[in-house]
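*Asks:* Each chain, written out:
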Amino acid sequence: MAEPTTLPRLLLRNARDFATRTAIREKDRGIWQSYTWAEYHAQVRDFALGLAALGFKRGDRLSVIGDNRPRLYWAQVAAQCLGGVSVPVYQDSIARELAFVWNHADVSVIVAEDQEQVDKVVTLRAELPTLRFVIYDDARGMLHYKHEWLKSFADVQALGREFGRTHAGDFEAAIEQGQGDDLAFVCYTSGTTGNPKGAMLTHANALETAKTAMRAEDFRLDDDYLAYLPMAWVGDAFYTLIMSVVVGFAINCPESPETVQRDLRELGPTLVLAPPRIWENMLTAVQVKGADAPPLKRRVFERFRRAAEQAEILRSEDKPIPLGLRLTCALGEFFVYGPVRDQLGLRRTRWALTGGAPLGPDTFRFFRSIGVNLKQVYGSTETTGLVSLQPSREANPTTAGRPCPGIDVKIGERGEVLVKSAGIFRGYLKNDEATREVIDRDGWFHTGDAGFIDPRGHLVIIDRAKDVGALSDGTPFAPQFVENKLKFSPYIREAVAFGDQRAFVTAMIAIDVNTVGNWAERRSLAYTSYMDLSQKPEIRKLIRDEIRKCNETLPEAGKVRRFLLLTKDLEADDAEMTRTRKVRRRFVAEKYAPVLDAFYGGGDEVELVTTITYEDGRQATLKSRARLEDVEEAPVRG
Amino acid sequence: MSALVEIREVSKTFGGVQAVTRVSLDVTKGDIVSVIGPNGAGKTTVLNMISGFYHPDSGRIALGGRDVTDLAPSKIAELGVARTFQNIALFRGMTVLDNLMLGRHVHMKSGVLASFVYWGLAQKEEVRHRKRVEDIIDFLKIQDLRRRPTGSLAYGLQKRVELGRALALDPKVLLLDEPMGGMNQEEKEDMARFILDVNEEWGTTIILIEHDMGVVMDISDRVAVLDMGQKIAEGSPDEVRANPAVIKAYLGDTKGGGAREARRG
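First to last, the sequence lines map onto chains A and B.
Residues in the first sequence are numbered from 1 upward in steps of one, following the working numbering.
Residues in the second sequence are numbered from 1001 upward in steps of one, following the working numbering.
These are computed hints drawn from the structure, not numbers from a lab.
Hints are not guaranteed to be accurate.
[As the list claims (entries may be wrong)] Beta-carbon label-pair distances, calculated as ranges:
(1) A:Ala95 - B:Asn1039: 37 to 45 Å
(2) A:Ala168 - B:Leu1079: 52 to 60 Å
(3) A:Phe587 - B:Gln1185: 25 to 33 Å
(4) B:Lys1131 - A:Gly443: 55 to 63 Å
(5) B:Ser1152 - A:Glu394: 54 to 62 Å
[As the list claims (entries may be wrong)] With a cut-off of at most 30 Å between alpha-carbon atoms, the simulated DSS-like pairs for lysine-lysine come out as follows:
(6) A:Lys146 - B:Lys1124
(7) B:Lys1141 - A:Lys151
(8) A:Lys151 - B:Lys1124
(9) A:Lys568 - A:Lys591
(10) B:Lys1141 - A:Lys289
(11) B:Lys1141 - B:Lys1124
(12) B:Lys1131 - A:Lys151
(13) B:Lys1131 - A:Lys27
(14) B:Lys1141 - A:Lys146
The beta-carbon is built from N, C-alpha and C at its ideal position, and this holds for glycine as well.
Please model the entire structure based on the sequences and the hints provided.
*Replies:* Structure follows, in structure tokens:
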């Protein structure tokens, strides 16, 4: 039999071949509830037929908004079964962004998790001419919502079962009609400038990338994956809607965003994908627990942690590990590493990936040393989420790994990374100009990232290509490179470095209110708010010392000379960052122009007037004063 | 239609203080009724008389047609009246889950010995109660707090858990004493949403005391206004808002206001 060419065809295969295997679990009422592939298929079929009864046709677009819930996944698969397209959105987007995406993608059906999400759609209803139906998962609080266009998930499924009686075979026929070149997803990329762009991904993109991933990495039928990352992010879609369907492994939905850590531990997933932020949080949790432990335990932990780190460094340098160290590590595995992995829910994890942003070398090494096979992955929405991956034996904190088999990578002008593969997207929806900018005549996708291939053949990413500039003396300057080094400090949450066409490097810093707050509490330093804390002399000194440490690893010309502590964190709601927490550099530079002037004009203090946007779109202005600081005693002046 | 809770001319004095004077109130099944009024107006006393904490000196209280005036609080709880307190009343050292399970107490039938052995019916019963408690945990979105001691929770969350503890009783009537007291705006909005959802989802009749007029006017079907132990107005939120006696009680006039000050002093 021919190989299935679309995701829905694979679903039919799974329902037949893996009928009794678990496809998806959801923690509900404190208990993990499982659905087999046969049940998954039945749920999808009923919903799809319900959609068909409501007039959903080939090529129509369905959007989902909410937490990771089985029904929201089924809705997306159901749309694809009918030849439709899934357009997942970030639920924390503000109203304007949501309206833009839903309109731009001509979304006709929105499946919303609960009342909170439905309310967002209700407010925007008048602005969404193409929207025909809103379907909700959780019926709580919805009793008094009486709209023709509002239906419950269960009602649509009931409608589907009814419709199926008179239209037997419609569902299978719709799947039969589907082709590999049909669109499966439109994933909106947050974009560091302007409106989001909708990357069109086909079933062929999905299946080809899945094949590539299976060649590069070990996926198994009995794997477990915890689906807790935003559904609108290609990384989540890749595991939950592509790899799970292709391989047949189970995806697991946590009970709520707040319980993820606990659910992770209960489940013990075998594959883990997490952005650096999550790994850092886990490490912090371990360190906090460690600090609270009795002295003996703390010493044992510290002793074995250091041994493991030594061994890991030797291993990464391909040097032999002395027998004594190996014995220590074996003991450590029993007393420390195993139990710690168990506490974190990583005991069964065969491999774990970090991507999206660089992860601090200390954090990276910590997880590897306690036996978590943590590796870096590089990809983007436009490449269906996968370009390169570190093989288990070549994991290291600096590279983005080897380009996966079947994916061609080369370095173009200005050091830009170019990619060519069957996973490259079909272009941006209704935006040919933007598409032409990134896919050239020969089919190379221009990632916009600057990087190089190291002697080992690993891809190394330095920065966004357009951000790489030069200091006024001509020294190349990659802001992100500096920022990442700064962000490796546990006290620094965000950093924005400046220096292009300037005499020296400066940085605006947003402190990490948790770690800095904790630091202050331990020193009985009272504070009232983020703003207050950020401007304490003690905290300025703390951060200055952190910057000095970081400066030691930077070349002389690239050292950070002056800095300022922001009086509020950078926020996606204020358009300072993208939803995936990447700094929108140009916007920030404009918004904080007075700071830049003061940095290079020699001022000592600057007034920050910031507009804060709440989630519901309301705005408020905040005025505050912040001090500019010199990193070294001898002040520099531009 | 006869009222679910009928309060007829109840009065209560503490020593020489006349706390409540001949107050009557009918609460229709499925309504949300707010009792408002200045401090010391007797609101909590009325609530305490409904729940059996106090017994009125005169007057009657009936629940679903049955006279409950002189019943003990535990008996009234068994009849389906649950309440929360102005000052949170939870077991601070116990987990959220245990506090809620305790709220199921009136429904538990197994004896000490059977529960101790935890076998057969006792086990089945526990599972059944746990299921109900899990529904409430899900409803109030406190899944992440199951194993946390209530004493370690933020104030607003403790209030939420206390509502959960009251809901665990599966009440027909829910008495809420300042459910939003001391909360910030966001917590208030959440709580208002929960109160409406309880009412909508389970048809629970709710009598609440609250100071935040915005919330009261938004969520109540009816509002009763007490001042100096007497009911001075009752009606829909709009009627009450327009009532001159209410405006006077809240804003006071020179004579009236002075008199009250004198009395309190």
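*Asks:* For each hint given before, does the structure comply? Return the numbers of the non-compliant ones in rising order.
*Replies:* 5, 6 and 8
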